[in-house]
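> Assemble the complex: chain H is given as a structure, and chain E must be docked to it using the hints.
Protein chains: 2
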Amino acid sequence: MTDHLEKLKEISKQCRGDILKMTYVANSGHPGGSMSSIDILVTLYSFANVFPKDPWNENRDRIVISHGHISPGVYSTLAAYGFVNREEVIAGFRHPASIFEGHITRGIPGVEWTTGNLGQGLSAGVGFALAAKYKNKDYHVFVVMSDGESAKGQVQEARRTARKYNLDNLTVMVDYNDIQISGHAHEVMYVDIKSEFEAAGWRVIEIDGHDHEQILSALKIAKNDGQPTAIIAHTTIGKGVDFMEDKPDYHGKPLSKDELEKALQQLGIENDVEKYIELRKKLPVKAHEKVKLSYEININNGVPRIYDKSTDNRSTLGRAIADLATINDNVVAVDCDLKGSVKLDFLDKERPDRIVELGVQEHNAAALAGALSADGIVTFFADFGVFGVDETFNQHRLNAINNTNLKVVVTHCGIDVGEDGKTHHALNYIGAPLAWYGFKVIVPADPNQTDRAVRYVASQYGNYVIAMGRSKLEPIRKEDGKIFFDENYKFEYGKMDVLREGNDGVIYCLGSVVPNVLKAHDILKSKGINFAVINVSCPYDLDENILKKYSNFVVTVEDHNVLNGLGSLIAQKYFELGILPGKFIKLGLSEFPVSGDSKLLFEIYGLSGEKIAETILDKLSCK
Amino acid sequence: MTDHLEKLKEISKQCRGDILKMTYVANSGHPGGSMSSIDILVTLYSFANVFPKDPWNENRDRIVISHGHISPGVYSTLAAYGFVNREEVIAGFRHPASIFEGHITRGIPGVEWTTGNLGQGLSAGVGFALAAKYKNKDYHVFVVMSDGESAKGQVQEARRTARKYNLDNLTVMVDYNDIQISGHAHEVMYVDIKSEFEAAGWRVIEIDGHDHEQILSALKIAKNDGQPTAIIAHTTIGKGVDFMEDKPDYHGKPLSKDELEKALQQLGIENDVEKYIELRKKLPVKAHEKVKLSYEININNGVPRIYDKSTDNRSTLGRAIADLATINDNVVAVDCDLKGSVKLDFLDKERPDRIVELGVQEHNAAALAGALSADGIVTFFADFGVFGVDETFNQHRLNAINNTNLKVVVTHCGIDVGEDGKTHHALNYIGAPLAWYGFKVIVPADPNQTDRAVRYVASQYGNYVIAMGRSKLEPIRKEDGKIFFDENYKFEYGKMDVLREGNDGVIYCLGSVVPNVLKAHDILKSKGINFAVINVSCPYDLDENILKKYSNFVVTVEDHNVLNGLGSLIAQKYFELGILPGKFIKLGLSEFPVSGDSKLLFEIYGLSGEKIAETILDKLSCK
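If you read the protein sequences in the order shown, they are chains H and E. With full-length UniProt numbering applied, the first sequence closes on residue 623, and no number is skipped along the way. With full-length UniProt numbering applied, the second sequence closes on residue 623, and no number is skipped along the way.
Among the clues, some could well be false.
Output of the computed footprint for chain E on chain H, the stretches with three or more beta carbons under 8 Å from beta carbons of chain E [to be verified]:
| # | region |
| --- | --- |
| 1 | 314 to 327 |
| 2 | 418 to 428 |
| 3 | 495 to 505 |
| 4 | 558 to 571 |
In case anyone wonders, no lab produced these hints; they're calculated from the structure. Ideal Cβ placement from N, Cα and C applies to all residues, glycine included.
With the rest of the complex left out, here is chain H (with noise of 0.2 Å):
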């Protein structure tokens, strides 16, 4: 034991100095938070069941660092445990050569999670703890998280969560250095970091974090105590080295020649720089490859069910969860106590074990509904679009960062929610993933479609969003009559679809609006006038043909704001490809909508069939 803890300090000491050096190499980077975290960092890894020659083996434990600026006391622990190298470290941290970036990066070897934007790691932590539960393992999830971020609301909604789901194999960290960019943490905002754990029904474990050996025998306990617990572990930023000590003026800056050197004479480290300097010089101007993790998805489908009567889409979708939850063991969805109106009721009833309820706590939802997706589990996150897409904003941002496998499924999207108004209606679920570069939007157009689109998502890897509308649809029929969307039709990503032929124009449309624009399209052929209809369904992937073939008169209508969506996204595909139609009309929402039935909306905001003919009329009266 006394060896082991020898060892941890002799390794601490030599992590202490490589985070001096790789800043000052680097010219940038938090050197002080990296020297209040190493002793804990370093105690960590080497008590946690974890394999850098198999960093990913599954059934190592999890470790989330949390306050993810603190990438040099994380990148010098894995240096020297051998996770990574320790020369391409020092020499590489935050040049766009190497894959050690400036915030800690998930796929660098023994880096679980993408952080940076704090207050977000303990929701991850918690999602990786879910995941453990559901595929039966019995990994244990760390997380490591800073004083300061303790402050964001998020952190406390994580707690509540895992006292919810009992998450024994959950110990939290808090390196509790009270200092923070503007000053002291009790002094910036004050938060009673254990009363709020204790408040969350947390046990409570206070040490020097500092000392190896309180740091070894508090983990030892919280890990085998049977419920969440958090270390409070106090520390001193900047710690090792005399005048970096409590001053907040490191957090964020590298120590200068004169300093590192005093400072490595301190810490009794030689002072090498030269050499990684020198290597550094050699990195070519260039990014490096992404490191990106994955897995192989193994979903079976299930048999698609064919709508022949009026519903809404959003049973379908909640009908096509459950049905996936009863034939596959990896499915879990979870709900922002919308259940009812977001249609997992079939799922509660026949495997409620596979929702995961968090109440109003959509920021810690989303972050860690991306963690249980991104740790095998493919995962639904069922919310309102104004709540799925607009408050969880840069929580799925960072979902897409970390490359995960999330389902945003969004319900209650456009005015065809009606009489609950401007606040409700989520008008950006086209514009605002434009933002969470790689996740792919579907606004499918009826029933059919829908419970297609929501298989068809479950067994690709990636990020999607499906958004659709409140209202009950009528399935959408060929002119014959029959099912459009019918038993031979299989959702294809990108696949445009010509509902109705016509030679004077084109309406491009998706979601709740196709059926006024069909009957749009109905009102013009009764006077000789014929429009195609098409559904888009994967506004970000046009297909060019298509739209070279229909381009005289280009009608686009949209449930939407009409500046950040299909419409926008139509007339850049046109001016890309060097087509201006003999007429363009953009039809969609450009202000905060009033409350109402959703019929009534459609006509005052010009998107009920007959408007949009009434619209089209009027453009080919003009010149």
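Chain E alone, transformed into the frame defined by chain H:
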């Protein structure tokens, strides 16, 4: 006193009837929670210092109802006290032509804040309470909220803020009916509301929320006890009608005809709904005129500063805010533990009382800043782009809905951030605010334009984003070397600046890449190719005449997501104008970038002067 209590009981009874009637007439709405909160509302509006006939009297107490779906409860109370017309409420509730929208709306007499997305109201209340302090007013702020929404992390952020600023003028009432949509709140997601308030330093009083005497007496204590106080009012959902009590079913569903008859009988109230149904039929199918609150701005812009040397835009931002706060009593800045980075340190030195420092609590900060700005204080919300735009996306959408007067000033935008990497590269400062109808976006080109833009927005009522990078920039100069944005320059919203003339093509650009574009201009010029360079500091409002004038070869360059930024807006504008440029190139980011020195990143992602010139030359050499 007894008379008063009798009267409160009588009013509450009438309101219960009105709640059931208006939801029945609208066939939509939330009766259950309204019946649960009604005794609280009726007592509170009688207790508070409010003026039905002068509803926006500056000295009024501010009442924020956070669970905005109990609009039937709020509207019936407002009608009972003469703020609004009772017939109009019952007949018009949730009809497009009526101001009585599904969720309560700021601007309806007696309604201070539009809510509906849960967990936001306490932050708004904290903002109003801080506004009172800044204005030396002694009005009190009351926030009524539900137990279900107490799970939202933002609520704990707001509670801590109230303690930090010792908001003795703030009282919260929690309607604790233990029911939310999915069942009993303590089962859906248990929140130990009392302990959490206490952990945040609040006094807590528990009462029976249907006992008017207890409510009144708690309000008296809370108003006068010199600290923020929470009254936890234990209630029953659906209270007053036996078959509705303690049933989640009536959360969001009106009664049937038979149920209504039975319920009104129980309450001892005449069933006169037919009258309102008839009145409703007469309402026109059109949107009501928006109710919007604003105020006249009285701001001295001070003396612009001319920067002749390289400096970062954020320093001139911070300098201008400090200037404004020194000569105006109504200017405040909200910070989230980044004051040194967003350069509020000038303000911190010169007017430390004008910084609201909230730590790592961005959601609360954004909502609080919105309310503060709406209540007479010109408010700057300063943050990094990823936090001030992406993380707080929905909070700003709600600020926009509330027609606030917020100046979101975000630094560290784009890959100009450099080494902090993808989690910190804010790439949506143009694309995201398109979702917040009415927000204007300004991306200044250099320190001088930044100074002028900051002074400009302070003097305009309304919501603005000013976005900038991190690095130092040379002031933009004319070809003769003189400062471009000099002492004669006046910021005009929507004006494009022709920085260089040229006939071979045009480069539209903004923000951190303007110097790179000027360099590209010079490289091209040295080869005899003359491209105009146009600075587009207001990307939402493009000057059509300029676009028409320069359209042979169009290039857009932005340190922003290329899918939803300047290039996308310019392309759409040309498309709308029916102009197809001979050639078009759109430069920006199309993936999450790596971390590294910003100069290297500009080169890697094709945004350095050399790379821009190279791309243009390549295109010129193509057919």
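> Now tell me if each hint is right for this structure.
Verification of the hints:
Interface restraint, the region 314 to 327 of chain H with chain E: violated (0 residues with C-beta to C-beta distance below 8 Å; minimum three). Given a C-beta distance limit of less than 8 Å, the hint that chain E covers the region 418 to 428 of chain H holds, as 9 residues qualify and 3 suffice. Counting residues of the region 495 to 505 of chain H whose C-beta sits closer than 8 Å to any C-beta of chain E gives 0, which falls short of three, so the coverage hint is violated. With 5 residues having a Cβ less than 8 Å from any Cβ of chain E, the region 558 to 571 of chain H passes the three-residue criterion, so the hint holds.
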